[in-house]
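Chemist: Sequence:
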Amino acid sequence: MPGPTGLNPGAVRGAGLIEVAISLLLISVGSLGLAGLQLSAKRMGYEAVQRSAAATMAVDLLERMRANRGALASYRIVGLGTAAGGRLPDPLSACDLNACSPTERAFFDLWEWE
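Each residue of the sequence shown is one higher than the last, beginning at 251 in the numbering used here.
Note that these hints are calculated values from the structure, not bench results.
One or more of the hints may lead you astray.
Pairs of lysine to any residue residues, derived as SDA-like cross-links and limited to a Cα-Cα distance of at most 20 angstroms, are as follows [stated by the list, open to error]: (1) Lys292 - Ser302; (2) Lys292 - Ser281; (3) Lys292 - Ala308; (4) Lys292 - Leu282; (5) Lys292 - Ala303; (6) Lys292 - Asp310.
Restraint ranges, calculated between C-beta atoms of paired labels, are given here [said to hold, decoys possible]: (7) Asp346 - Ala304: 18 to 26 angstroms; (8) Ser302 - Leu275: 20 to 28 angstroms; (9) Ala349 - Ala298: 38 to 46 angstroms; (10) Leu342 - Met294: 40 to 48 angstroms.
For every residue, glycine included, the Cβ atom is placed at its ideal position computed from N, Cα and C.
Build out the structure end to end from the sequences listed, making use of the hints.
Modeler: Have a look at this one:
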């Protein structure tokens, strides 16, 4: 005998279980998508911090060069900071505490910035 919906109650068996399985599948796919989005946001946040630090360091060196215009050519050292080049030796005097020539100041700025 058909039910109030016109369907035989025996023919509708298992429909609830299929709906639950599909909803679990959708929830799991959505959760994986949210986890991927969270990971991507974290990665982008880290890159933003690194870019901000690089920009701050570049502005710092440019400000030092702008303040020491008399020795701009001294700031150009070929190979500095590359695999072929090396590190600068320690400066002869600390220009933040002592008076220095413009060339010594440029060398100290590069040493301190490195």
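Chemist: Given the hint that Lys292 pairs with Asp310, does the C-alpha gap stay at or below 20 angstroms?
Modeler: 27 angstroms, violated
Chemist: Could you grab the alpha-carbon distance between Lys292 and Ser302 and see if it respects the 20 angstroms cut-off?
Modeler: 15 angstroms, holds
Chemist: Just tell me: holds or violated, for the beta carbon distance of Ser302 and Leu275 against 20 to 28 angstroms?
Modeler: 41 angstroms, violated
Chemist: For a C-alpha distance cap of 20 angstroms, please report whether Lys292 and Ser281 respect it.
Modeler: 17 angstroms, holds
Chemist: So if I understand the rule, the pair passes when the alpha-carbon distance is 20 angstroms or less; does Lys292 with Ala308 pass?
Modeler: The given pair, whose Cα atoms are some 25 angstroms apart, is violated under the 20 angstroms limit.
Chemist: When you check the alpha-carbon spacing of Lys292 and Leu282, does it fall within 20 angstroms?
Modeler: 15 angstroms, holds
Chemist: Within 40 to 48 angstroms or not, the Cβ separation of Leu342 and Met294?
Modeler: 44 angstroms, holds
Chemist: Falls inside 18 to 26 angstroms, the C-beta gap from Asp346 to Ala304?
Modeler: 23 angstroms, holds
Chemist: May I ask you to test the hint 38 to 46 angstroms on the CB atoms belonging to Ala349 and Ala298?
Modeler: About 40 angstroms separates the Cβ atoms of Ala349 and Ala298, which means 38 to 46 angstroms holds.
Chemist: Take a quick look at whether Lys292 and Ala303 sit within 20 angstroms of each other, Cα to Cα.
Modeler: 17 angstroms, holds
The structure does not agree with the numbered hints 3, 6 and 8 stated previously, though it agrees with the rest.
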